[in-house]
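Number of protein chains: 2
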Amino acid sequence: MTTLTTIGYVAGSMTSLGFVPQIIKGFETKHMKDVALWQPLLLTVGMALWLIYGIMLKEMPMILANSFSMACNMIAIIQKLVYK
Amino acid sequence: MTTLTTIGYVAGSMTSLGFVPQIIKGFETKHMKDVALWQPLLLTVGMALWLIYGIMLKEMPMILANSFSMACNMIAIIQKLVYK
Numbered sequence: 016m017t018t019l020t021t022i023g024y025v026a027g028s029m030t031s032l033g034f035v036p037q038i039i040k041g042f043e044t045k046h047m048k049d050v051a052l053w054q055p056l057l058l059t060v061g062m063a064l065w066l067i068y069g070i071m072l073k074e075m076p077m078i079l080a081n082s083f084s085m086a087c088n089m090i091a092i093i094q095k096l097v098y099k
Numbered sequence: 016m017t018t019l020t021t022i023g024y025v026a027g028s029m030t031s032l033g034f035v036p037q038i039i040k041g042f043e044t045k046h047m048k049d050v051a052l053w054q055p056l057l058l059t060v061g062m063a064l065w066l067i068y069g070i071m072l073k074e075m076p077m078i079l080a081n082s083f084s085m086a087c088n089m090i091a092i093i094q095k096l097v098y099k
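Chains as they are written, first to last, in our numbering: chain A, 16 to 99; chain B, 16 to 99.
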């Protein structure tokens with residue numbers, strides 16, 4: 016594995032993991048009042064585009080990280096709509 | 016500008032803008048109780064690595080988007096620590 020790919024996988028793991036604590040916190044507290052709805056909305060659409068960009072560049076770290084993060088942000092949207 | 020670069024800039028604009036509403040909301044409410052601290056922490060470190068990755072790939076959309084988003088997440092960390 017090249018240095019570039021390694022950095023990509025470490026970067027992707029961290030930004031992917033970054034979206035998990037908020038989701039866990041949301042499920043635990045069932046309270047999302049301080050969380051801005053626009054954040055997961057814009058990130059979901061933006062990450063769908065980064066995913067296309069990663070596919071065009073044939074960069075697997077970008078493809079995997081953006082797929083996972085996009086799914087996390089979609090869960091956050093649902094939490095925000097359900098828990099408010 | 017190629018299709019790839021255009022998609023990259025649109026993707027980068029959306030994910031960058033995605034971090035702004037939370038920061039505005041934080042400044043307005045001065046209340047960050049429902050926001051998980053781990054999110055901006057992990058995203059800041061991860062985006063620093065995506066920035067290096069973008070520099071290695073010489074992909075300007077990745078360089079600009081990750082620089083801006085990293086700065087936004089650093090502000091969110093400070094807000095979370097100050098407002099709690």
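Heads up, a few of these hints could be off.
A pair holds if it fits inside one copy or across any two, identical chains being indistinguishable in the list.
Here are the simulated lysine to aspartate or glutamate pairs, EDC-like style, with alpha carbons at most 20 angstroms apart [to be verified]: (1) K73 - D49; (2) K99 - D49; (3) K73 - E43; (4) K95 - D49.
Hint data in this document are derived by calculation from the structure and do not stem from the laboratory.
Treat the numbers as computed from the prediction; the structure is a model and nothing was measured.
Now for the hints, and whether the structure bears them out:
Neither within a single protomer nor between protomers do K73 and D49 lie at most 20 angstroms apart by alpha-carbon distance, with minima of 37 angstroms and 37 angstroms respectively. For a Cα distance limit of 20 angstroms, the shortest separation of K99 from D49 qualifies both inside one copy, at 9 angstroms, and across copies, at 11 angstroms. Taking identical chains as interchangeable, the C-alpha atoms of K73 and E43 are never at most 20 angstroms apart, the minima being 38 angstroms within one chain and 41 angstroms between chains. Both within a single protomer and between protomers do K95 and D49 lie at most 20 angstroms apart by alpha-carbon distance, with minima of 10 angstroms and 11 angstroms respectively.
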